Amino acid sequence: MAADFRRLVEDSREMTRRSFLAMAGWVGFTVASLIALYQSIRWLYPNATYEDPPAFKADPPSAYAVGSTTVIIDKRVVINHDPNGFYAISLICTHLGCTPRYFPDATSDLVLAGTQIAKDPDTGQQATKANPVLPGFKCPCHGSRYFRDAVNFFGPAPRPMDRVHMEVAPDGKLLIDRSVIVDRSFRLKV
Amino acid sequence: MSVIRAAIDEMYSVVGQMVGSVFRHGLPLTDKIAARTALTNFVLHIHPVRVRRSWIRMSYTLCLGGLSFFLFIVLTVTGLYLMFYYVPSTNHAYQDMRDLQFVITFGGLIRNMHRWAAHAMVITVWLHMARVFLTGAYKKPREFNWGVGTLLLLITLLLSFTGYLLPWDQLSIWAVTVGTNMAKYAPIAGPYTRYLLIGGRVVGDNALLRFYVLHVVGLPLAGFLLMVVHFWRVRKDGFSGGL
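Heads up: the sequence lines are chains A and B, in that order.
Take the first sequence: its letter number 130 is residue 130 in the working numbering, and every next letter is one higher.
Take the second sequence: its letter number 48 is residue 1048 in the working numbering, and every next letter is one higher.
With the rest of the complex left out, here is chain B (with noise of 0.2 Å):
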């Protein structure tokens, strides 16, 4: 009985050190203690150990910064379901997209879940962008942050167009053709940027894979990196409201 009794309290002592070794500090029940988890903690470092009632203000942030945020982690991850069953080439893309609008069961949900999130953040990020100009937060220590929002924008912009072209149906293709064809006319450099956008003459199986990369790696990874920018320049410039 005591052999299991010893084993029971050394999982005991186990499972406690484990708890332990991931919550350091406790229950926050002082200020101190409060603010040495949040310092300490990986997940809550983002946060500021103090935060004035009147900088978090709903009608001055509308939380339109959080919630850009919160569509680009569904976008990533309704992105992501939708990997698994889209093959980026002309001759099974339209097929895969209405394989998961009719065949895949949630494959509409999935679908309609990125399509909505997608359109829904160009708005956020239009209104946090209107929102900041109109506080005047883009002004002196926050230029900085100003323009790699700005750059985040662009991001956002460039993911919905390439993000565009996927479905491959009639209205992605000629959409792609107009807005490549755009960039043709830009002086000198036209021709050769619509030859490297889309890798050849015509809108065809390079230009899907191209489009696709982009889509799903490259812009994603350039707005992670610099979104951890914007957030770490949020906490050191402080916060614009409640002045």
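Pulled out of the complex, with its shape left as it was, chain A reads as follows (with noise of 0.2 Å):
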């Protein structure tokens, strides 16, 4: 068959105008499916999907008590307000995408059941039989549990939660961004 093909390229002679006019055809027709198979493709990629914007507008600064967590179901985002600056979470399980829930006590029972528990790298801050209860985020998917920092300690999730972008809005609020993913050493001081 290719070799066919190159005898016929090569040999001029050979080519007759009803086999050219055939090669150009069947050359055609490859090159419009190629382009009928791609357009078939791209035509199911949305150039607009009309989903909730990524950015959005909380309470100002001033309605997060220091040392509060709060979860914005809705926005599937968690405000934490630390001593040294507020940072936001994206509630997105890194495992399979479900949303964790928090709970005041993530720990205790698996303390109790003999379970080691990592120290958590950014707050060193570690959960042990002496002082069990420890904050934190569990995924009802698969049971990945997260520090209250949204670092992973238990479950099949393999890193901790993202953290996305927060500033202050001109009008004094809180600016979310959740297409935006910060170092976790983002803080936000107010």
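Worth flagging that the hints you see were computed from the coordinates, not collected in a lab.
Hints are supplied without guarantee of correctness; some may be wrong.
[To be verified] Restraint ranges, calculated between C-beta atoms of paired labels, are given here:
| id | chain 1 | residue 1 | chain 2 | residue 2 | range |
| --- | --- | --- | --- | --- | --- |
| 1 | B | 1201 | A | 167 | 20 to 26 Å |
| 2 | A | 2 | B | 1133 | 35 to 41 Å |
| 3 | A | 155 | B | 1052 | 45 to 51 Å |
| 4 | A | 99 | B | 1045 | 50 to 56 Å |
| 5 | B | 1119 | A | 83 | 53 to 59 Å |
| 6 | A | 167 | B | 1186 | 54 to 60 Å |
| 7 | B | 1036 | A | 25 | 42 to 48 Å |
All values derive from a computational prediction rather than experimental measurement.
C-beta atoms are modelled at their ideal positions from N, C-alpha and C, and glycine is treated no differently.
Given two chains presented individually in distinct reference frames, assemble the corresponding complex, making use of the accompanying hints.
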């Protein structure tokens, strides 16, 4: 087949008008088919999705007490206010995307069952027999758990939940942009 | 009087011609007539002219392929009924499902027939495949039909997965979130595949509509065409049982 084709191209004496037109026809058919294939796949990728915009406004910073954890469930975002500033967590489990739930005590059942829980690398806190209760998040789908600062410590989650950008908008409210992932050291000081 | 009699005679002959056009060979009183009837009749032609008793021994096939096809028909018919009341939009889907359960007469019956037949079909297709494997019926010359069968298993599972989203309750939303996030783990193509599957970044209106279209048209149509090939190949390759 390939040899025949090469012979056809190399030896122009064998290239009759009819075989040239046939070849041109097949090339055209193949190109048109590939374009149609591209179009039919590209068609399925919407350019606009009309989903909830990634940026939204929360309350002014004064609404969040120091040490508080606020879950904004409709936006799947958590606002933590620590003594050294604010940060926002994207409340999407890093395992397979479910929404973890906040619990004031996310550790004691594991500690009492004898499971060793690693130290939180960011805060240095550790749940021990002497002090088993630490707040955090539990994912309802496959049981991943995170400390209050979104660092994973149990279950299949491969990494901490993402932190997202936040700033104070001109009107004094907190503006959170879920499309901008920031470093774990990010803090907003107000 | 003779006019009426002539009219009745005419009616008989017209009816006789109509019946004769459907049943061309009369009653299958001999093997020859039976064979000709089976060969020329569209409904019967799936059936071999001659079947050895040993080929269709119940203890050999366990009727699993036939059961799977029967359940497919049940699912097609009940699915069609459900479509009269179900709107694939995030504003309506859950409420429509509840209406089917509690408001629409026989709604619960139809929905549960669809639901249980779907569960049962996954089981019978798996068992059918296991039976074919254990009896070695996938071997030459039936390798191709084994391949078609694996595609039919895949379509059965995809039909289950797409149908799972349609009630639009918490279980279905998060199951599909999890399922499509698994696709996201694939190297390079992962995120594109997920965006393609759910038509966005979160499981929302686009995802529901896509799964609905695949569930009620795309996958059943592909499954039907593959079934046609599957059954035809069974006929051409011959039954494997009773050797």
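Verification of the supplied hints:
Roughly 22 Å separates the CB atoms of residue 1201/B and residue 167/A, a value that falls within the hinted 20 to 26 Å. For residue 2/A paired with residue 1133/B, a C-beta distance near 40 Å keeps the hint of 35 to 41 Å intact. Under the hint 45 to 51 Å, the C-beta atoms of residue 155/A and residue 1052/B, about 57 Å apart, miss the expected range. Separated by about 55 Å at the C-beta atoms, residue 99/A and residue 1045/B satisfy the suggested range of 50 to 56 Å.
Taking the beta carbon of each, residue 1119/B and residue 83/A are about 54 Å apart, inside 53 to 59 Å as hinted. For the pair residue 167/A and residue 1186/B, the supplied restraint of 54 to 60 Å is violated, since their beta-carbon distance comes to about 35 Å. Restraint check, residue 1036/B to residue 25/A: a C-beta distance of roughly 46 Å satisfies the suggested window 42 to 48 Å.
Of the hints listed earlier, those the structure fails to meet are numbers 3, 6, in rising order.
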